[in-house]
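The task is simple: from the sequences and hints, build the whole structure.
Number of protein chains: 4
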Amino acid sequence: MACEFKAIRRVEFSETDMAGIVHYSNFFRYMETAEHGFFRSLGFSVVMEHFETPMGWPRVHAECDYRQPLRFEDEVEIHLLVSEKKSKSLSYLFKFRKMNGPTPVEVARGSLTVVCVTRQADGKMAAAPIPKVFADKIEVAPAELLA
Amino acid sequence: MACEFKAIRRVEFSETDMAGIVHYSNFFRYMETAEHGFFRSLGFSVVMEHFETPMGWPRVHAECDYRQPLRFEDEVEIHLLVSEKKSKSLSYLFKFRKMNGPTPVEVARGSLTVVCVTRQADGKMAAAPIPKVFADKIEVAPAELLA
Amino acid sequence: MACEFKAIRRVEFSETDMAGIVHYSNFFRYMETAEHGFFRSLGFSVVMEHFETPMGWPRVHAECDYRQPLRFEDEVEIHLLVSEKKSKSLSYLFKFRKMNGPTPVEVARGSLTVVCVTRQADGKMAAAPIPKVFADKIEVAPAELLA
Amino acid sequence: MACEFKAIRRVEFSETDMAGIVHYSNFFRYMETAEHGFFRSLGFSVVMEHFETPMGWPRVHAECDYRQPLRFEDEVEIHLLVSEKKSKSLSYLFKFRKMNGPTPVEVARGSLTVVCVTRQADGKMAAAPIPKVFADKIEVAPAELLA
Chain A
1 MACEFKAIRR
11 VEFSETDMAG
21 IVHYSNFFRY
31 METAEHGFFR
41 SLGFSVVMEH
51 FETPMGWPRV
61 HAECDYRQPL
71 RFEDEVEIHL
81 LVSEKKSKSL
91 SYLFKFRKMN
101 GPTPVEVARG
111 SLTVVCVTRQ
121 ADGKMAAAPI
131 PKVFADKIEV
141 APAELLA
Chain B
1001 MACEFKAIRR
1011 VEFSETDMAG
1021 IVHYSNFFRY
1031 METAEHGFFR
1041 SLGFSVVMEH
1051 FETPMGWPRV
1061 HAECDYRQPL
1071 RFEDEVEIHL
1081 LVSEKKSKSL
1091 SYLFKFRKMN
1101 GPTPVEVARG
1111 SLTVVCVTRQ
1121 ADGKMAAAPI
1131 PKVFADKIEV
1141 APAELLA
Chain C
2001 MACEFKAIRR
2011 VEFSETDMAG
2021 IVHYSNFFRY
2031 METAEHGFFR
2041 SLGFSVVMEH
2051 FETPMGWPRV
2061 HAECDYRQPL
2071 RFEDEVEIHL
2081 LVSEKKSKSL
2091 SYLFKFRKMN
2101 GPTPVEVARG
2111 SLTVVCVTRQ
2121 ADGKMAAAPI
2131 PKVFADKIEV
2141 APAELLA
Chain D
3001 MACEFKAIRR
3011 VEFSETDMAG
3021 IVHYSNFFRY
3031 METAEHGFFR
3041 SLGFSVVMEH
3051 FETPMGWPRV
3061 HAECDYRQPL
3071 RFEDEVEIHL
3081 LVSEKKSKSL
3091 SYLFKFRKMN
3101 GPTPVEVARG
3111 SLTVVCVTRQ
3121 ADGKMAAAPI
3131 PKVFADKIEV
3141 APAELLA
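Residue numbers (my numbering), protein chains in the order written: chain A, 1 to 147; chain B, 1001 to 1147; chain C, 2001 to 2147; chain D, 3001 to 3147.
Honestly, the hints are just simulated from the structure, not real lab data.
It cannot be assumed that every hint is accurate.
[Said to hold, decoys possible] 30 Å max Cα-Cα, derived DSSO-like pairs, lysine-lysine: (1) D:LYS3088 - C:LYS2095; (2) D:LYS3086 - C:LYS2095; (3) A:LYS95 - B:LYS1085; (4) B:LYS1088 - A:LYS95; (5) C:LYS2124 - D:LYS3098; (6) A:LYS95 - B:LYS1006; (7) C:LYS2095 - D:LYS3085; (8) D:LYS3088 - C:LYS2098; (9) B:LYS1088 - A:LYS124; (10) A:LYS95 - B:LYS1124; (11) A:LYS98 - B:LYS1124; (12) A:LYS86 - B:LYS1095.
[Claimed, not checked] Beta-carbon label-pair distances, calculated as ranges: (13) D:ARG3040 - A:MET125: 39 to 45 Å; (14) C:GLN2068 - A:SER87: 55 to 61 Å; (15) C:GLN2120 - A:GLY101: 24 to 30 Å; (16) D:LYS3085 - A:PRO129: 58 to 64 Å; (17) B:SER1087 - D:MET3001: 55 to 61 Å; (18) C:PRO2058 - A:MET99: 24 to 30 Å; (19) B:SER1089 - D:MET3099: 46 to 52 Å; (20) C:LYS2085 - A:GLY101: 52 to 58 Å; (21) C:PRO2058 - B:SER1087: 50 to 56 Å; (22) B:GLY1043 - A:GLN120: 49 to 55 Å; (23) C:PRO2058 - A:GLY123: 21 to 27 Å; (24) B:ARG1067 - D:PRO3142: 54 to 60 Å; (25) A:MET125 - B:GLY1123: 49 to 55 Å.
Backbone N, C-alpha and C fix where the C-beta goes; we use that ideal spot for every residue, glycine too.
The following block contains the structure:
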């Protein structure tokens, strides 16, 4: 059972803006990097083509609190923690830590709620239970990690 | 006194992802489009170089709730509403409406809290009161618009 | 018969980088803005779902020469000119002009070659003749415009 | 003396478009990933703040030929080769190889020409000789590698 995953990225030049820092929208791309790495760490891809029914994980909620800026070439750890697990949806907490300073510093904290959807007989996507083979591998992180 | 601004965008191909819809991070870019248009509508730029002290508006919080997807060439109205006005910070509510269907539909709703910062004598940026010439032009939107 | 199209964009904050100018990769997004506007001006969409066979326009070559930078809130005209028309491919020339200075200035010049592809019986995409209804509406721009 | 550098990236979801493949503009971001890794491999950063005069490397030309698409989670090697070295400018060749298939396949090839600029006494940026400590570390790649 897995409840967390850590991804590391180095800030790219194209991710900065004229204020000299990472554009705030890119933290949401970084979250996805960790989310998809989490899926791969469990032997899955977020693009679940090997399932009988095409499946997707649209986002219903995303948010981020920014404490300190990230700059070009900073190394950032994106720590994903499963914060909620329902039959058809998952929520993640993300802690962003800048790793290249004297000590790691949390620079931002975000969250994401995603819903499992599959294509219905009529061709439309609709919310569906998370496949058991996947659900069985994940669990909510302990409270002390989510604090 | 201004409390709102509406920007219109047409969804670009490069803003979509392999799921065929606008990538969720781009809604945060769209918010900024409306925010900067709001500044211009008041005779300012978000890059306030004509002030004595260089100023910026870093984000401290951003969030978005997604209800329906946006697709390539959809026309989206981004309706900014001032939801809170403090001495050193502003909060905005954003209503995203898809305009090219039979009737306009709200597809997402977001919010943003930004802090006014200026460069201190020591070269560092620190929170500072919103310049009066700007603050005097904006007010919180009426409750019924924020509902 | 159409041979050109002009699109106007205002540079967004999120398109700049820490050098304070538009990131060079965004000029290729700007080209696409004009290309898709050109398609719409002829009554088509680059996503040709109303054709019997799903069709696409993958890029085989793209290039850009940069003369002057573009900055936040600059107004840029992207002038598309059809520079070559073959049975299965099109080439465009793009002139980027900054419009908000004393006089319009060409800041960059690019080109793009795209190939018309359709889905074959075996599911794979392959180059195909440009549909006649579309091809009949476009022609190569006069030499003096391409200079 | 260094003449090449290889960077590896895994294609991110946010880099794909509705055609299901990496958006063509992102190949130019990938080039930059390799360029900046090349700088770091020599002990430098593309943001040369430790030099007496602020320096930058604006692009004057960029191009790319696309042969095969890249898809989500593909692993791509970006092979940078120095193709030209002048007193004030550098040119790079980039070979993009998809690494996760049965055998590595070249999917695209690009090039970039960058100019070394420094801030003049009047505050404007102007072309300047590449600093000797940096220039002394790089050389043009052998012809067989550039083929």
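- Take the C-alpha atoms of LYS3086 (chain D) and LYS2095 (chain C), compute the straight-line distance between them, and say whether it is at most 30 Å. 28 Å, holds
- Query: Given the proposed pairing of LYS1088 (chain B) with LYS124 (chain A), does the C-alpha separation stay at or below 30 Å?
  - Reply: 46 Å, violated
- Query: Holds or violated: LYS3088 (chain D) with LYS2095 (chain C), Cα cutoff 30 Å?
  - Reply: Within the cut-off at roughly 26 Å; holds.
- If you check the beta carbons of GLY1043 (chain B) and GLN120 (chain A), does the distance land in 49 to 55 Å? 51 Å, holds
- Taking only the CA atoms, is the gap from LYS2095 (chain C) to LYS3085 (chain D) under or equal to 30 Å? Holds, because 28 Å separates the two Cα atoms, which is no more than 30 Å.
- Starting from the hint 39 to 45 Å, judge whether the C-beta atoms of ARG3040 (chain D) and MET125 (chain A) obey it. 43 Å, holds
- Look at the Cβ atoms of LYS2085 (chain C) and GLY101 (chain A) and judge whether their distance stays inside 52 to 58 Å. 56 Å, holds
- Item | GLN2120 (chain C) paired with GLY101 (chain A), Cβ distance criterion 24 to 30 Å | 54 Å, violated
- Query: At the C-beta level, are SER1089 (chain B) and MET3099 (chain D) separated by a distance inside 46 to 52 Å?
  - Reply: At 47 Å between Cβs, range holds.
- Task: Look at the Cβ atoms of SER1087 (chain B) and MET3001 (chain D) and judge whether their distance stays inside 55 to 61 Å.
- Result: 58 Å, holds
- Task: Assess, step by step, whether the Cα of LYS95 (chain A) is no farther than 30 Å from the Cα of LYS1085 (chain B), and give holds or violated.
- Result: 28 Å, holds
- Message: Run the distance test for LYS1088 (chain B) versus LYS95 (chain A): straight-line Cα separation, threshold 30 Å.
- Response: Distance ~26 Å between LYS1088 (chain B) and LYS95 (chain A) Cα, so the pair holds.
The structure shown violates the earlier hints numbered 6, 9, 15 and 18.
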